[in-house]
Amino acid sequence: MVPLSAYVAVSAVLFLTGLLGVLIRRNFIIVLMSVEIMLNAANINLVAFSYYLESMAGQLVALFIIAIAAGEAAIGLAIIIVVFRGKISTNVDEMNLLKW
Amino acid sequence: MVVVFFTYFALASIVAGVMTVALKHPVHCGLALLALLLHVSGLFILLNAEFLWAVQVIVYAGAILVLYLFVLMLLNLKTDDRYFHSSYRYFLAPAAIGSAYVLFLLMRSPFKGTKGDAPTVAVLQDGDTYAVGIKMFSDYLLQFEIVGVFLLGAIIGAIVLAKTPKPVVDKRDR
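Chains as they are written, first to last, in my numbering: chain A, 1 to 100; chain B, 1001 to 1174.
This is chain A alone, in the form it adopts within the complex (with noise of 0.2 Å):
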């Protein structure tokens, strides 16, 4: 029998590489698929909790949680594809139109 809180371990593990990569890399691309990486490590959380305080609520946000992963990567591919058609890069210093 696995207890919780090795689920719990392993959710928190990937959410902090997926913040991890949200902070050090520089492709844009990749700062997204962190952003994935850290929902999914949210979705094993979630469905951990669910499975072992025996209701079926965790499951439905996790399913949710896909859906809107779809959007947002969805939106942000094509802020990806905006702002390389100007500028060839997709690197993340070299965004900065909207910095104040």
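In case anyone wonders, no lab produced these hints; they're calculated from the structure.
A hint or two may mislead.
[What the hints assert, rightly or not] Among chain A residues calculated to face chain B with C-beta under 8 Å, some are:
hint, residue
1, 20
2, 59
3, 87
Every residue, glycine too, gets a C-beta built ideally from N, C-alpha and C.
Starting from the known structure of chain A, fit chain B onto it as the hints suggest.
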């Protein structure tokens, strides 16, 4: 046996996650993300969530990841020599210390809570898909509809953003 599978899926997903963040070429990162998604879906199987397993494989690995790979191949990026942020070393030590502290707290926590209304035996009797469906179309109907509207908005937004812009014609010239 479950412990063996859990260890494999957990370690493989962590390794794949680290590779997604650390590899140099973006396409390799996408393929590492694919490995991560498939191993996470294996964890879902261990937690009796077959419907989420199917959704994870079909929607995440089948649709979202293919979208990422399409854009990567479409843009045909060349990889920079310096693909990490210039000050990434400053993040590494706090991240390691912070994750060690979080893991320490997690291992101490008992995670007790009130049990819900879906015990494992009842879920296994009719199947996970049945349980998810009954719950989704009774208690979570409003959220389901909101997600539908959200996805419609996301589709329209993506089309509007990625459309080729019309050439700008100055009105004074006409």
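Quiz item: Regarding the hint that residue 20 (chain A) lies at the interface with chain B, is the smallest CB-CB distance below 8 Å?
Solution: Holds: closest Cβ of chain B sits about 5 Å from residue 20 (chain A), inside 8 Å.
Exercise. Classify the hint on residue 59 (chain A) as holds or violated, based on whether any CB of chain B lies nearer than 8 Å to its CB.
Key: holds (5 Å)
Quiz prompt | Proposed interface contact between residue 87 (chain A) and chain B, which counts if any beta carbon pair is under 8 Å | solution = Where the cut-off is 8 Å and the nearest Cβ of chain B is about 11 Å from residue 87 (chain A), the hint is violated.
This entry does not satisfy hint 3, going by the numbered hints stated previously; all others are met.
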